[in-house]
Amino acid sequence: GDSVTQTEGQVTVSESKSLIINCTYSATSIAYPNLFWYVRYPGEGLQLLLKVITAGQKGSSRGFEATYNKETTSFHLQKASVQESDSAVYYCALTPGTGGYKVVFGSGTRLL
Amino acid sequence: VTLLEQNPRWRLVPRGQAVNLRCILKNSQYPWMSWYQQDLQKQLQWLFTLRSPGDKEVKSLPGADYLATRVTDTELRLQVANMSQGRTLYCTCSAGLGGLTGQLYFGEGSKLTVL
Chain A
483 GDSVTQTEGQ VTVSESKSLI INCTYSATSI AYPNLFWYVR YPGEGLQLLL KVITAGQKGS
543 SRGFEATYNK ETTSFHLQKA SVQESDSAVY YCALTPGTGG YKVVFGSGTR LL
Chain B
24 VTLLEQNPRW RLVPRGQAVN LRCILKNSQY PWMSWYQQDL QKQLQWLFTL RSPGDKEVKS
84 LPGADYLATR VTDTELRLQV ANMSQGRTLY CTCSAGLGGL TGQLYFGEGS KLTVL
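If you're matching them up, the sequences are chains A and B in order.
Going by our numbering, the first residue of the first sequence is number 483, and it counts up by one from there.
Going by our numbering, the first residue of the second sequence is number 24, and it counts up by one from there.
Honestly, the hints are just simulated from the structure, not real lab data.
The reader is advised that the hints may include incorrect statements.
Said to hold, decoys possible - Dumping the calculated DSS-like pairs for lysine-lysine here, alpha-carbon to alpha-carbon at most 27 Å: (1) Lys49/B to Lys79/B; (2) Lys65/B to Lys134/B; (3) Lys65/B to Lys533/A; (4) Lys49/B to Lys584/A; (5) Lys499/A to Lys540/A; (6) Lys82/B to Lys134/B; (7) Lys134/B to Lys79/B; (8) Lys134/B to Lys584/A; (9) Lys82/B to Lys561/A; (10) Lys134/B to Lys49/B; (11) Lys552/A to Lys584/A; (12) Lys499/A to Lys533/A; (13) Lys49/B to Lys533/A; (14) Lys561/A to Lys540/A; (15) Lys82/B to Lys65/B; (16) Lys561/A to Lys499/A; (17) Lys533/A to Lys584/A; (18) Lys552/A to Lys533/A; (19) Lys79/B to Lys533/A; (20) Lys584/A to Lys82/B; (21) Lys533/A to Lys561/A; (22) Lys552/A to Lys540/A; (23) Lys65/B to Lys584/A; (24) Lys540/A to Lys584/A.
As the list claims (entries may be wrong) - Residues from chain A that keep clear of chain B, each with C-beta distances beyond 12 Å, as calculated: (25) Asn516; (26) Glu526; (27) Gln529; (28) Ser556; (29) Ser563; (30) Gln565.
Because the structure is a prediction, the values reported are computed rather than measured.
Idealized CB from N, CA, C, for every residue including glycine.
Build out the structure end to end from the sequences listed, making use of the hints.
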């Protein structure tokens, strides 16, 4: 089946330093799934941060960006300069490109 | 703007007792409603997607049995039974299937704790 792997359960980054949260995926139901990053800020509900539905494209939002790399099946989340307000739990996710409705989530990475 | 209203938000559930959860959709532009569970290890897992009133599905997972019902165009219910470990159930909605419409909007969750 389809799966998403986030290897770090928690990362600690000093303010103004750069961030990368790793995400790799395995999609057996379709070659090119749609890829998402969701975020949960403290005290808030889970919400979409950014999405990319075309392999090779980059998505960006709130200073974060992620590139859909079909060669390495990765969708790492990056930010050049982290702020305290970025502290949250980040989830990488995928859906099948057409006809599918189930979203498959990674296990989440907490940013401190 | 809140798209989904879930209740109850928290519930203590005596072992062996079932609990009924409710989710109300506030915007008909996102009619695809789903349930996701988040276990104690924080893993989010899809349970059901129900589109039409009258749709029902059952599922047994480690730690709980589920019965989901799409009651009306705006109401989704979930019965949780035989729960052995606590979990949080999230209602979601989306505009459709796949592509950009795969984007989910989450409710605030119903946190269940086993007594």
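Verification of the supplied hints:
1. Lys49/B to Lys79/B: holds (21 Å)
2. Lys65/B to Lys134/B: Within the cut-off at roughly 12 Å; holds.
3. Lys65/B to Lys533/A: Holds, because 22 Å separates the two Cα atoms, which is no more than 27 Å.
4. Lys49/B to Lys584/A: holds (21 Å)
5. Lys499/A to Lys540/A: The given pair, whose Cα atoms are some 21 Å apart, holds under the 27 Å limit.
6. Lys82/B to Lys134/B: holds (19 Å)
7. Lys134/B to Lys79/B: holds (22 Å)
8. Lys134/B to Lys584/A: Holds, at roughly 22 Å.
9. Lys82/B to Lys561/A: Distance ~40 Å between lysine 82/B and lysine 561/A Cα, so the pair is violated.
10. Lys134/B to Lys49/B: The hint holds at about 21 Å.
11. Lys552/A to Lys584/A: Roughly 21 Å between the alpha carbons, so the hint for lysine 552/A and lysine 584/A holds.
12. Lys499/A to Lys533/A: Distance of about 24 Å is within 27 Å: holds.
13. Lys49/B to Lys533/A: Holds: lysine 49/B and lysine 533/A sit about 24 Å apart, inside 27 Å.
14. Lys561/A to Lys540/A: holds (13 Å)
15. Lys82/B to Lys65/B: Satisfied, since the Cα-Cα distance of roughly 20 Å is no more than 27 Å.
16. Lys561/A to Lys499/A: holds (9 Å)
17. Lys533/A to Lys584/A: holds (16 Å)
18. Lys552/A to Lys533/A: holds (15 Å)
19. Lys79/B to Lys533/A: violated (31 Å)
20. Lys584/A to Lys82/B: At roughly 15 Å apart (the allowed maximum being 27 Å), lysine 82/B and lysine 584/A satisfy the hint.
21. Lys533/A to Lys561/A: holds (15 Å)
22. Lys552/A to Lys540/A: holds (12 Å)
23. Lys65/B to Lys584/A: Holds, because 18 Å separates the two Cα atoms, which is no more than 27 Å.
24. Lys540/A to Lys584/A: Roughly 23 Å between the alpha carbons, so the hint for lysine 540/A and lysine 584/A holds.
25. Asn516: violated (5 Å)
26. Glu526: Glutamate 526/A not clear of chain B: closest Cβ-Cβ about 9 Å, inside 12 Å.
27. Gln529: Its Cβ does come within 12 Å of chain B, the nearest being 7 Å, so this is violated.
28. Ser556: holds (19 Å)
29. Ser563: Holds, since 27 Å exceeds 12 Å.
30. Gln565: holds (24 Å)
Comparing the model with each numbered hint stated earlier shows that hints 9, 19, 25, 26 and 27 do not hold.
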